[in-house]
Amino acid sequence: MASPTAPPASPSAESPPARSPRPVTARQGFVRAWGALVPGALGLGYCLWRSPDVDLARLRFAGTAARAREAYGGHAAAFQDALVADTVWLVGAAVTLCLALALGRHAYSGPRGRQVSYWTLFVTLVGALLGVVANGLLLHGLTAGHSAGDAVFAAATVLECVKWPLLGGALVVGAVVWATTVSRAGRALRPPRGHRPDHEHDAHAPALIPPWPVVGPGGRIWPAPNGAEHRTSGGEEAYWRYQRTVPGVRENARLGFCVSGGGIRSACVTLGALQALRPALREARYLVSVSGGGYTVGALQLALNSSLTSQEAFRPGSPEEDHLRRHSKYVADGTGEWLVALGVLLRGLLASLFLLAAATATLGLALSWAYHELPVTDLSHLSGPGLRFCADCSGTPPRPELRAPALLAVAYAFVAAAVAWLLWLCLYAWDRAEGLAHQLARAFHALVVFALVLAVVVVLLPLLAWAAVYLQTRFRVSRPDAATGAGLTVAVAYAAALVGTLWRRRQSLRTGLSKVMDAVRGRSGLTRAVPNGFVQYLTVWCVLVVLGAAFLLLLGWAIATGRHWRAWAQLGVPAVLLFIGAFLDQTWMSLHPFYRRRLATAFAVRRETLPGPGGVQLARPYDFASETTTLSRYGARKADFPQVVFAAAANLSGSDRTPPGRRAVSFTLSGDYVGGPDVGYACTRCVELRSRHHIARDLTVESAIAVSGAAFASAMGAQSRAFQTLFALTNARLGSWLPNPGALAEQWDERFWQAPPPPLIRRLPYLLREVFGRYPMDDRLLLVTDGGHYENLGLVELLRHGVRTAVCIDASGDTPPFATTLAQAIALAHEELGITIKLDDPTSLVPGSGDPLEPPSVLSALNARLSKSAVVTGTITYPEALALDDGGGCEGTLIVARATLTGDMPYQLLSYASANPVFPHDSTSDQWFDHEQFDAYQTLGHVLGERAQELLDRAGTTAPADGSETGGRRGAS
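End of the sequence shown sits at 1011 in the numbering used here; the numbers just go up one at a time, nothing left out.
Some hints could be false.
Okay, the calculated beta carbon distance ranges per label pair [what the hints assert, rightly or not]:
| hint | residue 1 | residue 2 | range |
| --- | --- | --- | --- |
| 1 | Leu-380 | Asp-416 | 43 to 53 Å |
| 2 | Glu-984 | Cys-580 | 11 to 21 Å |
| 3 | Tyr-575 | Leu-806 | 16 to 26 Å |
| 4 | His-969 | Gly-925 | 41 to 51 Å |
| 5 | Val-584 | Leu-490 | 20 to 30 Å |
| 6 | Pro-518 | Asp-661 | 21 to 31 Å |
| 7 | Gly-926 | Tyr-575 | 19 to 29 Å |
| 8 | Gly-927 | Ser-949 | 29 to 39 Å |
| 9 | Pro-697 | Val-654 | 35 to 45 Å |
| 10 | Pro-229 | Tyr-575 | 50 to 60 Å |
| 11 | His-732 | Glu-918 | 39 to 49 Å |
| 12 | His-969 | Thr-647 | 24 to 34 Å |
Honestly, the hints are just simulated from the structure, not real lab data. By construction, the Cβ of each residue, glycine as well, lies at the ideal position given by its N, Cα and C atoms.
Let the hints inform the model, and build the full structure from the sequences given.
The following block contains the structure:
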């Protein structure tokens, strides 16, 4: 496989240069990084040699002449020597920081890292200049002695208050840039580990297909142009054409199927439907599955092998069907499995809260030492009461004294921002000063951010530390009380996680009352099919408030007391955080591994014939531990069976790729490629071979099923953000972080040393991104979750491949009367693909439109749920003719089989529906089907499949005898 070319830097409208004028080799970058440490080391050595042991911090933040005299107390000469030595050290450290930050122009492949390095370099220069001026003022005050006024020391304190936040932030960024440069340059200097296997990819197809480019903030184009061709270069339909991009090996087809999401409900309907549709299914080119529909589709894919054909797998009465029926309560069945499931949820909750608490405590410890060394506000009186934890203590600590010069620094920062804004207003309408106005606008934004940061450092954090200790002493909290409070917080979070993920059958709890209310309001009983989520939302918000308050109190208490913790605690807490955050995969802490394994026990089976007389057959589950069902091998297209495409969703933040409110794009997993038009496609085999072990384990058929069905996640498209935050904090989250195809070109280019390496594991920053909802489109990994977070039918993904006849099995469980999910798919197909769909008789799907059963007075409740038809047809109009030789042009046929009731359905199905008013709209949260539910939904699916097959037979939808397609290719090349 040819290595991708190094992508050039993208243009940017920002003032920092978008690319380095002189390319730097890995060896040069490595040497420069270590050489940058020399000035700082020399300055530090001089400071240690020449500086007396005096308390400079007390002098710097004195603020008045009287306090300054108390600080140096007759040792002015020693303080003068210390200030001179500190100035030398400050200059040396600033030079080191600037040299390290200058490497960011060479060490980062994208403009974001270079721009951050550029602006941090500017901040370093400003901070160093302020520090030198502050030291000069203090030297002048010491030289003047008693004649020095308060203004000199107040000005020095103001500058120190501004300097340290600037240099503190610059130090963190500089350390990251330096470490990144050393790591990437050192990795490039190491000899290659070995030659990549030649058979990792088909030479006739591209290894990577980039996403369509967009212009982000500052005029940045992503992905950067790298010579890859797209199907169109412009025109009013360019967006539609980009969205219809699929890998070139996937051609247009005469027939394709899609099955909807909906958990085990959809899996049962899909099973029955595909059993009835087997003749057409064997001739289809594509089978797109979402969420619950993917349970059955994945099971079919894994059941097929050299000895079991698509004609035999999962036939009615087969061992595979029997195994699936017996494991329909796949999450947990029985006391032992329930205890395991609850234990897994508790383990993840404890791991997440412990890790976040360790991060909060470490931050508080660092701030405690910072406030001690740089006493912007004196917090020393808080440590004693905070550490005592006595139940009989009286009195509360006084509020910390906010130094007037520090408050002046905050006020000056806001005044400077206001001045920049006023100047911008004055120059905005002056055409000749447009460039200056632009710079003033940027300066205003930077000053506002800095003023807010300064206000947090000077005012809010000290008050938070005081509030934590005040509440502790006010309510006389003892150590047992604190432990009890922590335990109750965990218990409340655990209960909320259970409510959010396991609360099911809520409609049965309100049946009696809802009947009365429905009669009073004149509403149909069908509204009871949708449970009321108000209690859930209230619970979630209350728990989020409790967790937020707990973390804030922990941060404040750590700021107040951290410096006086015992040595083992001050060393142990950061060490534990570093170890867990660096070496523990965050996805493997979540529910994803448990969910994937439980799905595998129910759906990952194959038929086996036992030796001996009789040829007894049984369904044997895959050995989850020893046999990795890689997508490229086990997900490859099988004989007489369509290519399976598992539809998931890649979550993105911001509006660079998605319109407001959607926050998710298509991401598919198949045997040939993974990805989507918005994030690009990557060869599945290549990604498997080049990914590290923990991530490669999520590129399997079993994992694709689990990821496509990751309904409860920390990112769920347009769903409630409150639930997403709760799932992230409590680790009750599904989904997985997978490689971003759009970012792989740089990683796979061995000549491009600035490219970030493939992640070894998904560390703590990925958990923090889930907590705060940050999902950049150009990150190395994407959070991939349930396909229903993008589109729950798989119809848009099927139409993206250009099929003449599309058959859709809709078991999404929409709220009657309308098929909302179908309507959303039709709207999305036009928005993204330019495809219009016109249904022939959509109102026939509405419950209540069917002919009533006799006698109506007895069966009125059931009659209100009967539709005229469960299968409707429609016309698909593509923006351009399909690449098929059938002469069909731009039009195709849509067949939608929806899970609804009609009067001519089997007697046993109508009987079950009469006894279960919610059927066929059981909540997706109910993943514990008994045999009656399983049989009812499978029978419903079988009826739907038979009716869809009749329509296909009447239309004469056929394919060549060998099942191949004769249409031309229609993909990106």
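Comparing the hints with the structure gives:
1. Leu-380 / Asp-416: 43 to 53 Å: holds, 48 Å
2. Glu-984 / Cys-580: 11 to 21 Å: violated, 49 Å
3. Tyr-575 / Leu-806: 16 to 26 Å: At roughly 24 Å between Cβ atoms, Leu-806 and Tyr-575 fall inside 16 to 26 Å, so the hint holds.
4. His-969 / Gly-925: 41 to 51 Å: Given about 49 Å between the Cβ atoms, the range holds.
5. Val-584 / Leu-490: 20 to 30 Å: holds, 26 Å
6. Pro-518 / Asp-661: 21 to 31 Å: violated, 48 Å
7. Gly-926 / Tyr-575: 19 to 29 Å: violated, 48 Å
8. Gly-927 / Ser-949: 29 to 39 Å: Violated: the Cβ-Cβ distance is about 47 Å, outside 29 to 39 Å.
9. Pro-697 / Val-654: 35 to 45 Å: With Cβ atoms ~57 Å apart, the hint is violated.
10. Pro-229 / Tyr-575: 50 to 60 Å: holds, 57 Å
11. His-732 / Glu-918: 39 to 49 Å: Cβ of His-732 to Cβ of Glu-918: about 43 Å, so the range 39 to 49 Å holds.
12. His-969 / Thr-647: 24 to 34 Å: Holds, at about 26 Å.
Hint compliance for this structure: hints 2, 6, 7, 8, 9 are not met, and every other hint is.
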